[in-house]
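**Q** Sequence:
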Amino acid sequence: MAITEREASIIKAIGEETRDTIAPLMEKIAELETRINKLSNEVEGLISLLGEQ
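Quick note: the sequence shown uses full-length UniProt numbering, first residue 1, plus one each step.
Derived from the structure by calculation, the hints contain no laboratory data. None of these values were measured; they are calculated from a predicted model. Note that beta-carbon positions come from the ideal geometry of N, C-alpha and C, so glycine has one too. Accuracy of the hints is not assured; some may be wrong.
In silico lysine to aspartate or glutamate, DMTMM-like type, Cα no more than 20 Å apart, as pairs [stated by the list, open to error]: (1) Lys28 <-> Glu17; (2) Lys38 <-> Asp20; (3) Lys28 <-> Glu44.
What follows is a set of in silico ranges between Cβ atoms, one per label pair, in the way DEER data are often shown [what the hints assert, rightly or not]: (4) Lys12 <-> Glu52: 39 to 49 Å; (5) Ala13 <-> Glu33: 52 to 62 Å; (6) Gly15 <-> Leu46: 41 to 51 Å; (7) Ile10 <-> Leu50: 53 to 63 Å; (8) Ile10 <-> Glu42: 41 to 51 Å; (9) Leu39 <-> Met1: 30 to 40 Å; (10) Glu17 <-> Glu42: 51 to 61 Å; (11) Leu49 <-> Glu17: 30 to 40 Å; (12) Leu25 <-> Ile3: 23 to 33 Å.
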């Protein structure tokens, strides 16, 4: 059962819209991961300082 040209066009449009929606979200997730890693490192440093006292 082959798909029609119109169906292929709709599938392509949905894929493009999905990509356009997901790309900014993935960038934001990457930024949040970086911030979380920095905070985690700071917390580990503080815990280390507290352990030295």
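**Q** Indicate, hint by hint, whether the structure satisfies it.
**A** Tested hints:
no.	hint	verdict
1	Lys28 <-> Glu17	holds (18 Å)
2	Lys38 <-> Asp20	violated (28 Å)
3	Lys28 <-> Glu44	violated (24 Å)
4	Lys12 <-> Glu52: 39 to 49 Å	violated (60 Å)
5	Ala13 <-> Glu33: 52 to 62 Å	violated (31 Å)
6	Gly15 <-> Leu46: 41 to 51 Å	holds (46 Å)
7	Ile10 <-> Leu50: 53 to 63 Å	holds (59 Å)
8	Ile10 <-> Glu42: 41 to 51 Å	holds (49 Å)
9	Leu39 <-> Met1: 30 to 40 Å	violated (53 Å)
10	Glu17 <-> Glu42: 51 to 61 Å	violated (39 Å)
11	Leu49 <-> Glu17: 30 to 40 Å	violated (49 Å)
12	Leu25 <-> Ile3: 23 to 33 Å	holds (29 Å)
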